[in-house]
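Heads up: the sequence lines are chains A and B, in that order.
Each residue of the first sequence is one higher than the last, beginning at 1 in my numbering.
Each residue of the second sequence is one higher than the last, beginning at 1001 in my numbering.
One thing to keep in mind: the hints can contain errors.
[What the hints assert, rightly or not] Computed footprint of chain A on chain B; a stretch qualifies when at least three of its residues, placed anywhere within it, have a C-beta under 8 Å from a C-beta of chain A: (1) 1233 to 1242; (2) 1303 to 1313.
[Claimed, not checked] With a cut-off of at most 20 Å between alpha-carbon atoms, the simulated DMTMM-like pairs for lysine to aspartate or glutamate come out as follows: (3) A:297 to B:1391; (4) B:1030 to A:96; (5) B:1266 to B:1358; (6) A:325 to B:1142; (7) A:253 to B:1253; (8) B:1136 to B:1180; (9) B:1030 to A:206; (10) B:1303 to B:1342; (11) B:1256 to A:136; (12) B:1429 to A:143; (13) B:1344 to B:1239; (14) A:393 to B:1109; (15) B:1007 to A:206; (16) A:297 to A:327; (17) A:358 to B:1109; (18) B:1277 to B:1389; (19) A:341 to A:404; (20) A:407 to A:298; (21) B:1076 to A:298; (22) A:297 to B:1133; (23) B:1042 to B:1058; (24) A:132 to B:1109; (25) B:1428 to A:248; (26) B:1136 to A:322; (27) A:127 to B:1430; (28) B:1277 to B:1391; (29) B:1256 to A:198; (30) B:1331 to B:1430; (31) B:1266 to B:1228; (32) A:297 to B:1160; (33) B:1303 to A:128; (34) B:1223 to B:1142.
Hints were generated in silico from the structure; no laboratory data involved.
Backbone N, C-alpha and C fix where the C-beta goes; we use that ideal spot for every residue, glycine too.
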Amino acid sequence: MFQSIELQPGIHLHIRPTDQFKTVNFSFKFKHELTNQSASERSVLANVLVHSNEQFPSNPAFRSYLDELYGTILYLDSSKKGSNHYITLLAETVNDQYLSTDGVLDQVLNLLQTVLFRPNLEQGKFKDSIVKREKDSVIQRIESLYDDKTRYAQQRLVELMRPNHPASIGANGTIDAITAITNESLFDAYKKMLEEDELDIYVVGDVNVEEMTSKLQQAFEFKARQLNQKDLHKDVEHPKVEKNAVNEYQEMKQGKLHIGYETNVTFTHPDFPKMQITNGIFGGYPHAKLFLNVREKESMAYYVSSSFSSAYGLLFVLAGIDASKQEKAVGLIDEQLEAMKKGEISQNEIDQTVAMLKNQLKEALDSARGQIEIFDQYKDLGEEFTVDSWVAKWATVTKDDIQEMAKSINKQLVYFLSGKEEMSHEGASL
Amino acid sequence: MKELHFKQLDEKLFHEKMDNGLDVYILPKKGFSKTFVTFTTKYGSIDSKFVPLGESEEITVPDGIAHFLEHKMFEKEDGDVFQKFSGYGASANAFTSFTRTAYLFSATDHLYENTETLLNFVQEPYFTQATVEKEKGIIGQEITMYDDQPDWRLYFGTIENMYKDHPVKIDIAGTIESIDAITAEHLYTCYETFYHPSNMLLFVVGAVNPEEMMTYIREHQNKKEFAEFKPIKRSFPNEPLEVAKQENKLFMDVQKPKVYVGLKAKETSIQGDAMMKHEMGIQLALELIFGRSSDFYVQAYEKGWIDESYAFDFTLEKGYGFAIIGSDTSKPKELVEAIKKELKKVEEKWPFGQSDLDRVRKKKIGYFLRALNSVEYIANQFTRYAFNDMDLFDAVPALEQITVADLQNAFASIQGENQQTVFSVLPKKEQETS
């Protein structure tokens, strides 16, 4: 699918020539160990680098130039996967063949080089006013989590289950760590990113592989770097969780029920394909046990589903319910998992789930971004990824395998966020 | 079957109107492994007053019924339609907007089985009072979920400020009280009136052989019988030009105030090419005034009046239209003043020339070409354009022809203080301390 070459130790280029899309996509993924501090610094750094640069020292000048390049999309993104933090520089530009002018692609390549290597500096540092403004901006992004009750409740559940652990460290860092950032510490983080981070560069579009490779080699002088290869999916130690239920309250109408489960399976574990099917039958799809029994049969919820977080081996159930029905909903959800532990799994459920997993994977490959993300994730497995090889793994999974997987899923914490009037005598356990 | 070739875009579109009136469009996309199919009726939340098929008296149905009907289409005598789609590995869904109800699936296998499932489940209604009652609990939770979303409340609060009588001011899902009145009989009445094939459009895009698929659909549709089609009589109240309320606010458990300035459109009667030119004109004008490269944006961002939630948008359908500009902000007063000042400046002296237009035009052409990578965008937008007598694939030529004067003329539709309203969602703690 992608043609990969090593540009330098620690720097790999992956190109996929295709005429499927009307645009060319670029993605530069800089990988670094995830900590509160690194996430905080790198989130602010991403904002500072996309604000302006040496060629376009003001943001509107930079933005106008992108408009002129037929609305080329260019941004930096801060994210995490497993125990790593990523700064990703993304660009998408219209393929020259659809435009009345050409040379747009070359201008975009130059611009990517400028954004990474020629930042907007004043006496060898970032501009203080920009750093201050972008620190505020990331702090506001973190604060806005509170206004989205589903995301907030999920974050609280993970914090309670895995405190100070990559699973609960936010990709944007923390307000305290961002406040502590200085111009010097930010510049250090920038230097480290360019010189030490492991880097994968992806290109997808109607391009010539040799020509693109040589252009990238000329434009981007990345130096070789030492690889501090840690197992991405190795679980980090975590303290034992003391509580098994936490209720919290805000001014709101619906009750947000979030249940966390532990498993022994992560993305690199040989049982991963079995766990994907197990999660699918439990609550991953509209044919799943949770959807049929909690939503359709009992009319208790509009949304109720499960998801498997393969990077951390955690499974989550999410449901929006009437605040007075917490106990009943938890009971019904428990029943569905119990049924699976007892082997109440039909061949039809397995077939439907495998068909859905297969469709989801193939569909994801219909976007350039999807192709990049899937290739980037599966390359860590050290075996060549194809859709057929994954479909073959799912095809061998049996009812007994799924029952075994279900038995290995341990409920750890029930988190419930609901309205203040429901507080009554229970009291908040925060 | 008609074939339309858009050379500049390198796309071919196939169209046929079936004998029963259904419009079918097929767009093959090379390199794709999935096919995305939407089956849409021109019927949405605003269609609550109409003359039912075969009758002569106008009726009013409960708010939220189009959305309720959408939910109930999935349940059949022999079970849930999702089960069938899952068996063939398709992800299915549906949505209801102000003006449309769409049923859709995407699949990488079993295209014909899934297409048959889609056509059959939408063309074979099954409602009972028991299943209708059961759904009220599910939709009640959906409504409660939206009630807790401050951005949704902000959006609807702004529309409610602008519209005095038009049903666009009512939440698409209705209220817990309004849906309580819905009966199976209501659902059949709405279904028979609005789900006639001649009021619907089927769009197939992605991995598909157009000739084979068109033949399949034609044969499938010819086997079914439908009532004779009569034009649907819908009615809407007379809506004044100016906004209903100039200001309103809501207190919620949020960290930071959220504010929208809404601009109610005066021109909402045009359709077809004129509508395309008009809405493009307003969108481009807004991009110039409030876009990322504008003087306004720079000032508001540097002063910390806006954050990453900042957005602006223009919506136009027959009978209503509005622009919205806003952000989460710790300085709602300053932000609103700055937006109004900027609008006034543009009204007093139009500041944009040819080079400004050329820049945003390029941006928009790039946006459109990028969007053509998305089969979801193509199917949904094509349908929306077609229901307003426009053609999505005319967008680039229309953009190439638009002039600075067109932008200025179009902008007049949303200018003037009488068109402006402000809605805010404020932190509960501000209410307690004030």
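Self-check item: List of violated hint numbers, smallest to largest
Solution: 1, 3, 5, 13, 20, 24, 27, 29, 31, 32, 34
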